[in-house]
Amino acid sequence: KNQVEQSPQSLIILEGKNCTLQCNYTVSPFSNLRWYKQDTGRGPVSLTIMTFSENTKSNGRYTATLDADTKQSSLHITASQLSDSASYICVVSQGGFKTIFGAGTRLFVKA
Amino acid sequence: DSGVTQTPKHLITATGQRVTLRCSPRSGDLSVYWYQQSLDQGLQFLIQYYNGEERAKGNILERFSAQQFPDLHSELNLSSLELGDSALYFCASSVAAVYSHGEQFFGPGTRLTVL
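Chains as they are written, first to last, in the numbering used here: chain A, 1 to 111; chain B, 1 to 115.
Any given hint could turn out to be false.
Said to hold, decoys possible - Computed cross-link-like contacts, DSSO-like style, restricted to lysine-lysine with a CA-CA straight-line distance of at most 30 Å: (1) A:K98 / B:K57; (2) A:K1 / B:K9; (3) A:K98 / B:K9; (4) B:K57 / A:K71.
No wet-lab data here; the hints were simulated from the structure.
Isolated chain A, as found in the complex (with noise of 0.2 Å):
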């Protein structure tokens, strides 16, 4: 069954500091992976998009990974600031018109 789960459901981490948020997807054929962040009661914005081929990308202080192997891809957030506080949504396509989206990472950021 294609699957997209994202852990943990939950996070709250100190301004300033750094974290991860995983995304483990079981959809094939694959096409691409990208993460969204959601903003409460606002429309998800794209932070980044990777194909097959890529491993890594950047958006500030997101960095985005992919293991296309594992199947696993995560998203780091350096130095973290109140307006990170959020959803981050990951999202793979299969290629045409099939897309699952994950059920979210919801993080806050505490001063």
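Here the structure of chain A is known, so what remains is to put chain B in place on it, guided by the hints.
The following block gives chain B in isolation, referenced to the frame of chain A:
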């Protein structure tokens, strides 16, 4: 600001009623996608239109329907509303006809409350 607009921002209605949500895509985008996000739930893909034609269908109920007009704006119609339909409804747009082939830009959402 993603360039995708949605109206209304909030909608409160009663069970059994029918509502219409509206979305205008970014300039130049031909694809429009609709998503439902219930409280503390993940995004659920409902339906996609590309240049006026239905392109892909997700978990859309038969009580729900959508269309995309010649000017590329889209409407999502929800009928015979139930309490469980209360959710945030997002519209997204992209240039690509196929989701996996490009960036999607999300609108601010419409919050529907069914009482």
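Now the hints, each set against the structure:
1. A:K98 / B:K57: 10 Å, holds
2. A:K1 / B:K9: At roughly 36 Å apart (the allowed maximum being 30 Å), K9 of chain B and K1 of chain A break the hint.
3. A:K98 / B:K9: Status holds; Cα separation ~29 Å.
4. B:K57 / A:K71: 26 Å, holds
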